[in-house]
Amino acid sequence: MGSYKKVGYTGPLPGEGGPGQPLRYLCRNLQEEENQRLAHKLHERVRLLRSLSIEIGAEVRYQNRYLGSLDDDLDRTDGVLHKALARVSQLSRNPQFYYFVYIALFTLACLATVWCVVRFR
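Sequential numbering of the sequence shown, starting at 1, is according to UniProt numbering.
Hints are not guaranteed to be accurate.
[Claimed, not checked] For lysine to any residue, the following SDA-like pairs were computed, each having C-alpha atoms within a straight-line distance of at most 25 Å:
| id | residue 1 | residue 2 |
| --- | --- | --- |
| 1 | LYS83 | ASN94 |
| 2 | LYS83 | GLU55 |
| 3 | LYS83 | ASP72 |
| 4 | LYS41 | GLU55 |
| 5 | LYS83 | TYR62 |
| 6 | LYS83 | ILE54 |
| 7 | LYS83 | THR107 |
| 8 | LYS41 | ILE54 |
| 9 | LYS83 | ASP73 |
| 10 | LYS41 | GLN31 |
| 11 | LYS41 | VAL60 |
| 12 | LYS83 | TYR102 |
| 13 | LYS83 | ASP71 |
| 14 | LYS83 | SER69 |
| 15 | LYS83 | TYR99 |
| 16 | LYS83 | GLU59 |
| 17 | LYS83 | PHE97 |
| 18 | LYS83 | VAL60 |
| 19 | LYS41 | SER51 |
| 20 | LYS41 | ARG28 |
| 21 | LYS83 | LEU70 |
Hints in this document: simulated from the structure, not taken from any laboratory.
Keep in mind that this is a model prediction, so the values were computed, not measured.
Can you build the whole structure from these sequences, using the hints too?
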């Protein structure tokens, strides 16, 4: 079908406009409104995901700092334990080491006795 528009005519084409707007224009308006609603919904989801990713990034940075400090603490503790074990092994080679064993056993016996007295009193 050809165009019904005449030169110099500015009114609606036959079947367009007027009191009863054609169905295709209503459908276009409904589709446009639906697209705008979906675009707004998508924009909200993108905003939510963006804020969530920012929060996750902040939490990751905090956890990395925490793990770094934990690693430093464990390294220090490891050094202290190695030094203590080296001292104990050095003491075990010393002939006077048996006196330390006797003192440790006596201390454990005293603690066990005190515990029994307090527990069963």
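Consistency of the hints with the structure:
no., hint, result
1, LYS83 <-> ASN94, "17 Å, holds"
2, LYS83 <-> GLU55, "42 Å, violated"
3, LYS83 <-> ASP72, "17 Å, holds"
4, LYS41 <-> GLU55, "21 Å, holds"
5, LYS83 <-> TYR62, "32 Å, violated"
6, LYS83 <-> ILE54, "44 Å, violated"
7, LYS83 <-> THR107, "24 Å, holds"
8, LYS41 <-> ILE54, "20 Å, holds"
9, LYS83 <-> ASP73, "16 Å, holds"
10, LYS41 <-> GLN31, "15 Å, holds"
11, LYS41 <-> VAL60, "28 Å, violated"
12, LYS83 <-> TYR102, "23 Å, holds"
13, LYS83 <-> ASP71, "18 Å, holds"
14, LYS83 <-> SER69, "21 Å, holds"
15, LYS83 <-> TYR99, "21 Å, holds"
16, LYS83 <-> GLU59, "36 Å, violated"
17, LYS83 <-> PHE97, "18 Å, holds"
18, LYS83 <-> VAL60, "34 Å, violated"
19, LYS41 <-> SER51, "15 Å, holds"
20, LYS41 <-> ARG28, "20 Å, holds"
21, LYS83 <-> LEU70, "20 Å, holds"
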